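Please model the entire structure based on the sequences and the hints provided.
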Amino acid sequence: MRKKLLLSTIFLYMICFLLLSGCGFKDIDKRYFVVGTGIDYSGDDEKPFRITIKLAVPSVSIDPGNSKTQIEAINSATIAEGVRMLKAQVDKEIDFGHCNVFLIGEEMANRNIQDVVYWMSRRRDIQNIAALGIGSPSAEGVIAKQPTVERFPGNSLNLFFSNDATESSFTYVELLTDLFRRVNEKGLDPILPIVEIQNDTTYVVNRVALLNKEKINLILTPEETQLFNQISGHLKITNVFGSFPSPPYVVSLNNVKTKYSISNEEQPTVIMKIKQAVTFEEEPVNEKSEDQHKVLKELQNAYSEKCQQLLVKIQESGVDPLGFGLRYRATYDLADFDENWPDIYKRMIFKVETKMITQGAGLLR
Amino acid sequence: MNRYFFYNYFIVCFTNLMLLIPYFLTSDRYGGAVISIALSPIFGYIFLYMFTSSLSKFPGKGLPEIFSLFYPKWIVNIVMVYKAILIGIAGALVISTYAVIITSFLNPNANQYVMLMLLLLICAYAATRSTVSIAFILEISLVLSLPVIAFVMYKTIKNPLMDWDAIHVIANHVDHMPTLLSFACATFVFTGYLNMGLFNRILPPNFKFKYIWLYPIIAFVVLLITFFVPIGIHGTETVAHYIFLWSATADSTRMMYGFIERMLFVFLIVLINLSLTFTMVGWHMVIEYIRTIIPNNVVNPDEKKAPIRNYIIAGSIIIITFVIMLRVKDGQMLKFSSYFLIFRLFSETLTTTWIFILSRKKVRKYEKEAAS
Chain A
1 MRKKLLLSTI FLYMICFLLL SGCGFKDIDK RYFVVGTGID YSGDDEKPFR ITIKLAVPSV
61 SIDPGNSKTQ IEAINSATIA EGVRMLKAQV DKEIDFGHCN VFLIGEEMAN RNIQDVVYWM
121 SRRRDIQNIA ALGIGSPSAE GVIAKQPTVE RFPGNSLNLF FSNDATESSF TYVELLTDLF
181 RRVNEKGLDP ILPIVEIQND TTYVVNRVAL LNKEKINLIL TPEETQLFNQ ISGHLKITNV
241 FGSFPSPPYV VSLNNVKTKY SISNEEQPTV IMKIKQAVTF EEEPVNEKSE DQHKVLKELQ
301 NAYSEKCQQL LVKIQESGVD PLGFGLRYRA TYDLADFDEN WPDIYKRMIF KVETKMITQG
361 AGLLR
Chain B
1 MNRYFFYNYF IVCFTNLMLL IPYFLTSDRY GGAVISIALS PIFGYIFLYM FTSSLSKFPG
61 KGLPEIFSLF YPKWIVNIVM VYKAILIGIA GALVISTYAV IITSFLNPNA NQYVMLMLLL
121 LICAYAATRS TVSIAFILEI SLVLSLPVIA FVMYKTIKNP LMDWDAIHVI ANHVDHMPTL
181 LSFACATFVF TGYLNMGLFN RILPPNFKFK YIWLYPIIAF VVLLITFFVP IGIHGTETVA
241 HYIFLWSATA DSTRMMYGFI ERMLFVFLIV LINLSLTFTM VGWHMVIEYI RTIIPNNVVN
301 PDEKKAPIRN YIIAGSIIII TFVIMLRVKD GQMLKFSSYF LIFRLFSETL TTTWIFILSR
361 KKVRKYEKEA AS
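Chains A and B supply the protein sequences, listed in that same order.
Residue numbers for the first sequence follow UniProt numbering, beginning at 1 and rising by one.
Residue numbers for the second sequence follow UniProt numbering, beginning at 1 and rising by one.
No lab work stands behind these hints: they were computed from the structure.
Zero decoy hints are in this set.
Going by beta-carbon spacing under 7 Å, a handful of chain A positions derived as facing chain B:
1. ARG124
2. ILE129
3. THR177
4. ASN184
5. LEU326
Straight line, CA to CA, 25 Å or less: simulated DSS-like cross-link-like pairs of lysine-lysine:
6. LYS259/A - LYS346/A
7. LYS3/A - LYS304/B
8. LYS210/B - LYS57/B
9. LYS351/A - LYS257/A
10. LYS3/A - LYS305/B
11. LYS273/A - LYS158/B
12. LYS4/A - LYS305/B
13. LYS158/B - LYS259/A
14. LYS304/B - LYS4/A
15. LYS306/A - LYS259/A
16. LYS73/B - LYS361/B
Please read all numbers here as calculations on a predicted model, not as lab measurements.
Quick reminder that beta carbons are idealized off the backbone N, C-alpha and C, glycines included.
Here it is as structure tokens:
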């Protein structure tokens, strides 16, 4: 009995050893972790992709400005081939598993982003929760930048999109899942934030580009971006709603609820109802807000006006980032969406009603 | 003891992800998928009721014993081999799908067949244990997994990317005729009761199935979540781009303050738990069913030591599964999976009705005896 047990144990161990040798596992010190990837248009139609990767170099000291990275770039005909060729330029295995930021060059985004998005979704080691953006003027420039305040390699850009650190009402966070959905969805168009370099030291992310399924159609100004973020309901995650300046008043928005419905008369109409809780941040000096209702009413009208202008501007450029098309599909039967929708969208008119509920005027009376 | 029925029912319910049921259902999302899903709980409830009410007429008996009450040995043998093959295929499909998932998500450099062999060995060994042990393993494994499943489902539903308009668009397509494949897929979720064909052996004689109306309701909610949540997250079009739809869906959720940011890995761990358990239970049923056709078989759900014939049957399962999987490629597997699901629908309808008729026959026989 004992002998049998011993023999079977040895046999089991042997099987285990045989199996273990089959796994191709690489240790962490044999790997390079990519902390930022940029994909540009190279200007050469033979090899249209210029791929830039930022590799984290482990370092002992964790001080501002001491993060070490290595930048590798290459031109290639396809993205997958480019990444494979990059492997020949470094001494360790390249691992995309920790890469949270992917930038597409502005030139590339003006041409076609679909190849990039499909490649990323297909790769198993790229997270679906990675953030995407447009690098302006080029992704390579933004990726290669080494901010002077950075403590961990590549962390600075990562923090912009992580909701952990900065929570700006100007920053739109777009994740890979969402972008891939928008690229294919009927009635919902892609949006990407634009990342630029400021003063040659830090980044600034305060504009969004609206794309049709392939390329940039419209770039919003920072003010419009903030307004867009507020009405898109996108920032529910972070509870940062920013402010609304309408001189001489500035209110900060603490809570925004946007609801809209589409009525289908001979003129399709979007009726958007925005409900906000606001606090006054700036009022004219030496002027007590006696008639708060009147002030609020003016602000409401101004806000509605601004929203309406923004919606019309987006409509005129022919993109639909807020998903009116999807809502229309959900509410009404549309036989051939691709055929009929552009016409309906062109004829659409927008009515915005804002309701502001004041939560006070700050600490002053 | 009702909880052992619960575990058996829900291990099948949750394993629907591994048989690529979300994949088939979403491929048919503009067709008959929605109406199939809407009709499936009715179908599921009727068959669940038929099967459990028949089993309660035969306390402590599994399917082989029930059939041998009425039919000669050779008919019973054919039926049991047939049932065993069907259950064995389900287990094989689940385990090989998991081998593919492991190689594509966890370790792409590993040899897929080595992985498959490892999983096969684990499942086959576990399947040789006694029926009572299997029931206990099933309980432990599900009790450990259920909170994590609930967590994953909650997190994905609360995902800010969730778009209810997309769900609305798909739900509007309820007015199409159900297709065979999507109906077979939707009803699979409700077929966990068939495991009781074996596990009825361990239930006490005075056992009563309680709350059976509750089971289809919970399973229906699970089915709704498996179908509609990925649509809400990936949209109406992109959802058809993924093969392992739920892996992509779990990967879309960010756990900001979790130990790991990617929920994919949490999900994969639950998934390995569920699929190993499912295969173990399935192959245990195969072993028990095949054993009944071997002469001198003793039915003992709580045997102290696994007889040698268990190991022989388990070994043959490993070899057959492995050889088949060596020959089958990814694309063929999808097709194979869909054929299996359709075939299973008819087969289960037949089995359940058959058992139901047999149980009525038995009642009539007793009534006659009592009258005479």
